[in-house]
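J.: Protein chains in written order, with our numbering: chain A, 1 to 270; chain B, 1 to 365.
Honestly, the hints are just simulated from the structure, not real lab data.
Honestly, I wouldn't trust all of these hints.
Listed next, the in silico DSSO-like pairs over lysine-lysine satisfying Cα-Cα at most 27 angstroms (straight line) [what the hints assert, rightly or not]:
#, chain 1, residue 1, chain 2, residue 2
1, A, K48, B, K269
2, B, K191, A, K248
3, A, K48, B, K268
4, A, K48, A, K248
5, B, K191, B, K204
6, B, K333, B, K269
7, B, K268, A, K248
8, A, K48, A, K89
9, A, K248, B, K269
10, B, K269, B, K204
11, B, K127, B, K139
12, B, K191, B, K127
13, B, K198, B, K269
14, B, K139, B, K198
15, A, K89, A, K40
Derived, one-sided and incomplete: chain A residues facing chain B with beta-carbon distance under 8 angstroms [to be verified]:
#, residue
16, E57
17, D86
18, L130
19, P159
20, Q161
21, G164
22, V198
23, Q224
All C-beta atoms in this analysis are idealised placements derived from N, C-alpha and C, irrespective of residue type, glycine included.
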Amino acid sequence: MTQSVVRDDPALAGSHEALFSAREVNKTFGHGRRAVEAVKNVSFDLNKGQITTIVGESGSGKSTMARMVLGLLPITSGTMTFEDRDVTKLRGGARTAYWRDVQAVFQDPFSAFNQFFTVRRLLSRALRLLGDAEAGQAKMEEALNHVGLSGPDVLDRFPHQLSGGQRQRVMIARALMMSPTMLVADEATSMLDASLRVNVLNVLTDLRDQLGMTILFITHDIGQACYLADRVLVMEHGVMVEQGPTDKVIFDPQHEYTRRLLSDVPRLHD
Amino acid sequence: MTRLLEATHLTAAYQTGGVEVRAVDDVSVHIDEGEVLGVAGESGCGKSTLGAILSLTARAPLYVESGTLVIDGQSQDLAVGSRIPRTWRGSVVSLLPQGAMNSISPTLRVRTLVYDVMRAHNARISKNEALDRARDRLKELELPVRVLDAYPHQLSGGMKQRVVTIISTLLNPRLLIADEPTSALDVSSQKALIDMLKQMLEQKIMSGVVFVTHDLPVLRTVSDRIAVMYAGKIAEIGPAEEIATGPKHPYSAALLNSVLVPEPAFRKKRVRGIPGSPPNLANPPAGCRFHPRCGLVMPDCRTKEPPHVGDELTFSACFWSAQHPGEAVPADKAVPRHIDDPTELDLPAAGATPAHAATTEGANA
Numbered sequence: 001m002t003q004s005v006v007r008d009d010p011a012l013a014g015s016h017e018a019l020f021s022a023r024e025v026n027k028t029f030g031h032g033r034r035a036v037e038a039v040k041n042v043s044f045d046l047n048k049g050q051i052t053t054i055v056g057e058s059g060s061g062k063s064t065m066a067r068m069v070l071g072l073l074p075i076t077s078g079t080m081t082f083e084d085r086d087v088t089k090l091r092g093g094a095r096t097a098y099w100r101d102v103q104a105v106f107q108d109p110f111s112a113f114n115q116f117f118t119v120r121r122l123l124s125r126a127l128r129l130l131g132d133a134e135a136g137q138a139k140m141e142e143a144l145n146h147v148g149l150s151g152p153d154v155l156d157r158f159p160h161q162l163s164g165g166q167r168q169r170v171m172i173a174r175a176l177m178m179s180p181t182m183l184v185a186d187e188a189t190s191m192l193d194a195s196l197r198v199n200v201l202n203v204l205t206d207l208r209d210q211l212g213m214t215i216l217f218i219t220h221d222i223g224q225a226c227y228l229a230d231r232v233l234v235m236e237h238g239v240m241v242e243q244g245p246t247d248k249v250i251f252d253p254q255h256e257y258t259r260r261l262l263s264d265v266p267r268l269h270d
Numbered sequence: 001m002t003r004l005l006e007a008t009h010l011t012a013a014y015q016t017g018g019v020e021v022r023a024v025d026d027v028s029v030h031i032d033e034g035e036v037l038g039v040a041g042e043s044g045c046g047k048s049t050l051g052a053i054l055s056l057t058a059r060a061p062l063y064v065e066s067g068t069l070v071i072d073g074q075s076q077d078l079a080v081g082s083r084i085p086r087t088w089r090g091s092v093v094s095l096l097p098q099g100a101m102n103s104i105s106p107t108l109r110v111r112t113l114v115y116d117v118m119r120a121h122n123a124r125i126s127k128n129e130a131l132d133r134a135r136d137r138l139k140e141l142e143l144p145v146r147v148l149d150a151y152p153h154q155l156s157g158g159m160k161q162r163v164v165t166i167i168s169t170l171l172n173p174r175l176l177i178a179d180e181p182t183s184a185l186d187v188s189s190q191k192a193l194i195d196m197l198k199q200m201l202e203q204k205i206m207s208g209v210v211f212v213t214h215d216l217p218v219l220r221t222v223s224d225r226i227a228v229m230y231a232g233k234i235a236e237i238g239p240a241e242e243i244a245t246g247p248k249h250p251y252s253a254a255l256l257n258s259v260l261v262p263e264p265a266f267r268k269k270r271v272r273g274i275p276g277s278p279p280n281l282a283n284p285p286a287g288c289r290f291h292p293r294c295g296l297v298m299p300d301c302r303t304k305e306p307p308h309v310g311d312e313l314t315f316s317a318c319f320w321s322a323q324h325p326g327e328a329v330p331a332d333k334a335v336p337r338h339i340d341d342p343t344e345l346d347l348p349a350a351g352a353t354p355a356h357a358a359t360t361e362g363a364n365a
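Just chain A, same shape as in the assembly (with noise of 0.2 angstroms):
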């Protein structure tokens, strides 16, 4: 195996300030000679009000790398900081209030709803983290304004009357209300059609454009990528083997692997 490439440029090192920084994570599931390396030794920075992202093939760690930024997974070894605090090891409260900062979407807009809950009642569970329910329809529909869709529109609908492009967008909106400085959205694309898809990744943009939110978006797709990103990681079986700006990135890629998954990408035009 290379060695991982860092491509930033020292000049402009100090020119973005990280947000959430992960410095030589590792995580092991199982034991002995059962253990399984999901993720190595992989270091790197969420610069605020930047879109990074995490690509790589299934079973590259990539989720599992989520998971431990959002505190859903304990990490084996290395250390987490967001905002200069340690977020490592968060437990309960302290976990919580995490929770109130950063946010997350995931792959499935299709199970991620409870079909017999309106979206208003699934807003308002959500806004219990906040512990102000004063605020509550105020906050919904600013949420969903966002996100391009209509409190009076959607509140009362129930989730099979939603397109899957626009659960997806409540989702984003769910996440959006508790004002998170940071957005984690793993494959958050990946189950919606090309057109649909397009007009998600645009919220995170305008998100980020708009409201300043840094976002870290895991997907397998290049393309996306591209399109999104101002910052990419690539991953492979759980080693960050090259990272930098997606310029650097994908229009001149330095590891062996960057190029294999460059090269597999289905092409519209030779």
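Position chain B against the provided structure of chain A, taking the given hints into account.
T.: This is chain B only, laid out in the frame that chain A set:
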């Protein structure tokens, strides 16, 4: 080239609670020997329903109202009430359903499924004969034979999908219908599966493939011809290369516009999806079904059924292409400009117009 399959005037509807949703409406497709026909379209446009009809697996609440299937000169009426010989399923046409890779029982080894499938078609086959056949097939396709002894959790997603594909073609069907076979896979596994399908066609394991997916770059790689479906009808059909480079139907052009590929141009521009969503098929719009979302809409489109421009193998069902024969749809005009992307037509979002509307227009100009 000899004709492998001719399916004519396929019409099928889902009947639920007194509502009839016609998901496939008078669709005819032709496939030549050794050909891959790609079927593209958004979610809910009838692609999978077409797959179900062609694979003879239409079950209630889906009822086939009319349609004839001719394979190798043998004709079969598909309408409800006609008897479809059981031997056709699996050996004449075979279906690789959506999410097929999860169809291996998690508690049984792959070889058990192989034996079950073979036994369902030939009650007297012995376990060894069935497994020998699968072993030979795996060797021909240069895959490890040991996967037969594995449990599904021991295989990667890409390998599971390839194994299920092999099992579904063990009986050498004439036609394989693959419904979204690559959608759950990453790019490298997608490529492996596509290469394997092509190899199987070369070795004449099957003679034709209908490849259903919404992923246009994949279709362009795998298929010879592409049919673009919209709201239960074929909007455009033609050689894959022609559709990818010069679509003649505004819907094909709009679909192609929303494809993201890693090319420098995509770093700067803002790509727009197709505004609105496909119509409710219980009550489809009059005239051309795409007209409410089309950027080239004319008065005729709203009232009259669009003409088929071209021959039965390559056509576009559109008034615009009737007026501009042989021309490709200008990519920037395929969808209306005044509607911004995040607001969908079926939800007129009052007050939800995002602040970037002006910049979007600029970026697209």
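J.: Now tell me if each hint is right for this structure.
T.: Here is how each hint holds up against the structure:
Pair hint K48 (chain A) plus K269 (chain B) holds up; C-alpha atoms about 23 angstroms apart against a cutoff of 27 angstroms. A C-alpha spacing of about 25 angstroms is found between K191 (chain B) and K248 (chain A), which places the hinted pair at or below 27 angstroms, so the restraint holds. A threshold of 27 angstroms between alpha carbons decides the hint, and for K48 (chain A) with K268 (chain B) the separation of about 21 angstroms falls inside it, so the pair holds. Annotation: proposed proximity of K48 (chain A) to K248 (chain A) holds, straight-line Cα distance about 20 angstroms (limit 27 angstroms).
Restraint check for K191 (chain B) and K204 (chain B): the C-alpha separation of about 20 angstroms stays at or below 27 angstroms, so the hint holds. About 16 angstroms separates the Cα atoms of K333 (chain B) and K269 (chain B), which keeps this hinted pair within 27 angstroms; it holds. Proposed proximity of K268 (chain B) and K248 (chain A) is supported: the alpha carbons are some 15 angstroms apart, at most 27 angstroms. For the given pair, K48 (chain A) sits about 22 angstroms from K89 (chain A) by alpha-carbon distance, which is consistent with the 27 angstroms threshold.
For the proposed pair K248 (chain A) and K269 (chain B), the alpha carbon gap of about 18 angstroms is at most 27 angstroms, so the pair holds. Proposed proximity of K269 (chain B) and K204 (chain B) is contradicted: the alpha carbons are some 44 angstroms apart, above 27 angstroms. Taking the CA atoms of K127 (chain B) and K139 (chain B), the gap is about 18 angstroms. The hint holds against a cut of 27 angstroms. A hinted pair counts as satisfied when its Cα atoms are at most 27 angstroms apart, and K191 (chain B) with K127 (chain B) does not qualify at roughly 32 angstroms.
About 35 angstroms separates the Cα atoms of K198 (chain B) and K269 (chain B), which puts this hinted pair outside 27 angstroms; it is violated. With a C-alpha separation of about 16 angstroms, the suggested pairing of K139 (chain B) with K198 (chain B) holds against the 27 angstroms cut-off. At most 27 angstroms may separate the alpha-carbon atoms for a hinted pair to count; K89 (chain A) and K40 (chain A) meet this at roughly 18 angstroms. Against a cut-off of 8 angstroms between C-beta atoms, the interface hint on E57 (chain A) holds, since the closest Cβ of chain B lies about 4 angstroms away.
Taken as an interface hint, D86 (chain A) does not check out: its beta carbon lies about 33 angstroms from the nearest beta carbon of chain B, beyond 8 angstroms. A cut of 8 angstroms between beta carbons decides the hint on L130 (chain A): the least distance to chain B is about 23 angstroms, and the hint is violated. About 15 angstroms separates the beta-carbon of P159 (chain A) from the nearest beta-carbon of chain B, more than 8 angstroms, and the hint is not met. Below 8 angstroms, beta-carbon pairs count as interface contacts, and Q161 (chain A) has none with chain B, the closest being about 10 angstroms; its hint is therefore violated.
The beta carbon of G164 (chain A) comes within 6 angstroms of a beta carbon in chain B, closer than 8 angstroms, and the hint placing it at the interface holds. Hint on V198 (chain A) holds. Least Cβ distance to chain B is approximately 4 angstroms, under the 8 angstroms limit. Nearest Cβ of chain B to the Cβ of Q224 (chain A): about 6 angstroms, under the 8 angstroms cut. The hint holds.
Hint violations for this structure: numbers 10, 12, 13, 17, 18, 19, 20, all remaining hints satisfied.
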